[in-house]
Amino acid sequence: MIDEEVSAVVLAIIVVAGVFAFSQFLFSKRVVEPFSELGVLGPKKKIGDYPKIVHVNEPLKLYLYIGNHEGKIMYYRVYVKLGNKSTVINENVSANAEVIDVFEAVLAHNQNLTLPINILVNRKVRDARLIFEMWVYNEEIKGFKYNGRWLQLWLNVTGE
Amino acid sequence: MRVHFGFVLFFMFLFLSVSLCNGQPDLRSKIKNVYVLLVKAEKEGGNVTAAASKLNEALQLIDKAEKTRNESEKSKLLGEADSLIKEVELSIPEIIEKGQRERKMYLITTFSSLALLLFIGFIFYFYGPKFFWSLWLKSRRKWKIRRN
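These protein sequence lines map, in sequence, to chains F and R. For the first sequence, my numbering assigns the number 310 to the last residue and increments by one with no breaks. For the second sequence, my numbering assigns the number 1567 to the last residue and increments by one with no breaks.
Check the hints yourself; a few may be wrong.
Unchecked claim - In silico BS3-like cross-links for lysine-lysine, where the CA-CA straight-line distance does not exceed 27 Å:
1. R:K1486 - F:K194
2. R:K1486 - F:K195
3. R:K1517 - R:K1459
4. R:K1523 - R:K1462
It is worth saying that the hints were derived from the structure and are not from the lab. In this text the structure is predicted, and so the values were computed from the model without any measurement.
Based on the sequences and whatever the hints tell you, model everything.
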């Protein structure tokens, strides 16, 4: 014979396990940690082999990678800016530097895009920072807002 | 009067040439509007992956058009982008309807499976022991009890 207390404990364990399993099933589609990806790949479409020296007005061939894991559709804008050693940029402040190119993409959740890009710098610069900033479209302000994602390539732009 | 008419003609020409040459800002604002509608459609449960891909394609076409110097190529690319945007815009009501239908089905399936699980649990709780012992007795029906 099974003791009544034992059967009550077994039943309680089954109920708790059932509730846990059901809650996992209910929240399986929820994105716990939403994030966006921004990356720059070298001319061979790989991480690395980034050019360090380019000539003025010579196309700098790179690949821009954008990934959406925000759990919703997103409209991205990536600004390519030309900064220098003293340019200030962080997660909260975008760089106050010359915009040399802009790229846009609309991506659904879990979609990504690798875009071939050609950047042209039209003047000689030493220790230049090619800054890539990610902005996202905000429906409430009806404009793009800096989302804190950025990266940079150090460059020397020499004469033709 | 003739001077005024000339002015009107000049401004009309200026306006037309500006709107024809700079079709891109107009298309970009169209994309923004369609994007906002897609956000709403997604909130309604719609799957916007295919629509997002099309909008993205339209954006790349606009980008290509902005960088080309060939006017006929430019207008062709912008025309393609425009038709893609229109296609997405027209598909939005269908996306919303499908999303709402799928969400309803998901809710029905989820709660009916929960109800079924509860029902099975209660059945087992109330009739399980009786069923178990009847099986136990059945399996030992031919047993004989012998005194040692």
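Status of each hint after checking the structure:
| no. | hint | result |
| --- | --- | --- |
| 1 | R:K1486 - F:K194 | 23 Å, holds |
| 2 | R:K1486 - F:K195 | 22 Å, holds |
| 3 | R:K1517 - R:K1459 | 14 Å, holds |
| 4 | R:K1523 - R:K1462 | 14 Å, holds |
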